[in-house]
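Asks: Protein sequences appear in the order of chains D and S.
Each residue of the first sequence is one higher than the one before, counting from 1 in my numbering.
Each residue of the second sequence is one higher than the one before, counting from 284 in my numbering.
There's no promise every hint is true.
Taking CB as the label site, the calculated pair distances span [stated by the list, open to error]:
no., chain 1, residue 1, chain 2, residue 2, range
1, S, 296, D, 3, 34 to 44 Å
2, D, 142, S, 319, 55 to 65 Å
3, D, 170, S, 381, 45 to 55 Å
4, D, 19, S, 338, 35 to 45 Å
Read the hints as simulated data drawn from the structure, not as lab findings.
All residues carry an ideal CB built from backbone N, CA and C; glycine is no exception.
Protein chains: 2
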Amino acid sequence: VASAVDDLIQLLDLEQIEVNIFRGAQPKEVNLDLQRVFGGQVAGQALVAAARTVEPDRAVHSLHAYFLRPGDVSIPILYDVDHIRDGSSFTTRRVVAIQHGRAIFNLQASFQIEESGFEHALPMPDVPDPETLQSVEQRWIDAGLGLDPPERGVDIRHVEDPIFSDAASPPRFRQHVWIRAKAPLPDDPILHTCALVYASDLTMMDTTLLPHGRSHHGTNVQMASLDHAMWFHRPFRADEWLLYVVQTPSASGARGFAEGKIFDRSGHLVVSVVQEGLIRPRR
Amino acid sequence: VASAVDDLIQLLDLEQIEVNIFRGAQPKEVNLDLQRVFGGQVAGQALVAAARTVEPDRAVHSLHAYFLRPGDVSIPILYDVDHIRDGSSFTTRRVVAIQHGRAIFNLQASFQIEESGFEHALPMPDVPDPETLQSVEQRWIDAGLGLDPPERGVDIRHVEDPIFSDAASPPRFRQHVWIRAKAPLPDDPILHTCALVYASDLTMMDTTLLPHGRSHHGTNVQMASLDHAMWFHRPFRADEWLLYVVQTPSASGARGFAEGKIFDRSGHLVVSVVQEGLIRPRR
């Protein structure tokens, strides 16, 4: 468990090649069968690269990214940072992730000095505590899925049962999942943010298939994240339990659309997430 | 009325300077008191520039943008388009809007060939028909706001009354607004899309102040759009009535966060919008 978290921390610790150029490693134990890089890894590493070029008194408050091409797990990823704005209150960075001479991912992120002002927030829905719920690993074993879930250093506990929908499932449009890093993380706010960026790519697209009795385990759907956007409303720790509520307002044109809200355990809304992905029925 | 719509159509008809470089004009009757370019104009023009470089069999399905610096209404805006991906199913463009040698706006947009697949959508809320509601112009006059609303070629009819909140208003977190172009638009899907991009910047940030008894009419709040993201789920016409439902899940750090859903008159969910803006209390 600790080693999976160490791997995550190492993934998010980029090598600085030049002032605005960083290199991100691949996981130590690469699953070459997956053949492509996990989207959350690229998004998390890209945000680390952006943050390394920003004064530490400015915190990231939003990011917007597109996944452009599948990442190659057999080589590192280069992150090229562009300083598109250095303003008095806001700093904006663009980051292109590059492999084999081509962009695989493009991120924009905005950072802000600390300010205060109007405060309001959605309330957290009432759900069972994470301690009362089984881990996603146990769920996979119980469901006889016949393969281990990806070991990612993130503890994931689904509120709803079953996790995935099949032809017999009534349509659902929302799911609730508790998540946290499997071991404590160092006290670096950027690391907690980027760890959550990493984890936030895990359950969005599954939600868009819940209404249709399909899941990504089937061989009958081609799935890929298309974009990823996050807004960081309030501080949080990624090694404490966070409730990830995801709903899917729409699917059309072989694309699924999902909106997530992340609450800390005391009920504060800390992050909003929006993602669209390809969910293409295979013939 | 027709001339305001003609102005909008002309604003969205860019001059091509080179293969990937376009120039956008300013409105004929510039309100120099406003001093900065309306965000919806830059977003709409930038998407026109992107679309001009994409094969017409590919339709835009999403965009993500940041507003970086105030636009200068006294000179044109240059749009520089980067072909970051030309894929078999998806095409992605980055567009930087430039004035005085500096980026004022950065957009990414993704286009897709026509595909079909899973279908689901949020239902439209039940609200009064637009014909039963007063125009925003009449509302401003009735409210004694003492100035004309900006003439933008967009007919805007608020469901709720009053439009803006003040110290006596109970907190509200959602509003419903009917919108459409004030006159018919030519049958070009890109024009309808970009006209809606233009209009979609009009009511998002106001919603974030509804819970706080303030509005942008007050001199006590500094407001500016920070980002803008849209997902185009289904085809629509911008010259037919569209219901724009906006809610505000959060405000914090002098920023307001708003989520919009746009339905056509038959109740189809056609577009999702997310925007964060600066809402800084003035001392």
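Asks: Look at each hint and say if it fits the structure.
Replies: Consistency of the hints with the structure:
1. S:296 with D:3: 34 to 44 Å: 59 Å, violated
2. D:142 with S:319: 55 to 65 Å: 58 Å, holds
3. D:170 with S:381: 45 to 55 Å: Because 52 Å falls inside the window, the suggested range holds.
4. D:19 with S:338: 35 to 45 Å: Holds: the Cβ-Cβ distance is about 38 Å, inside 35 to 45 Å.
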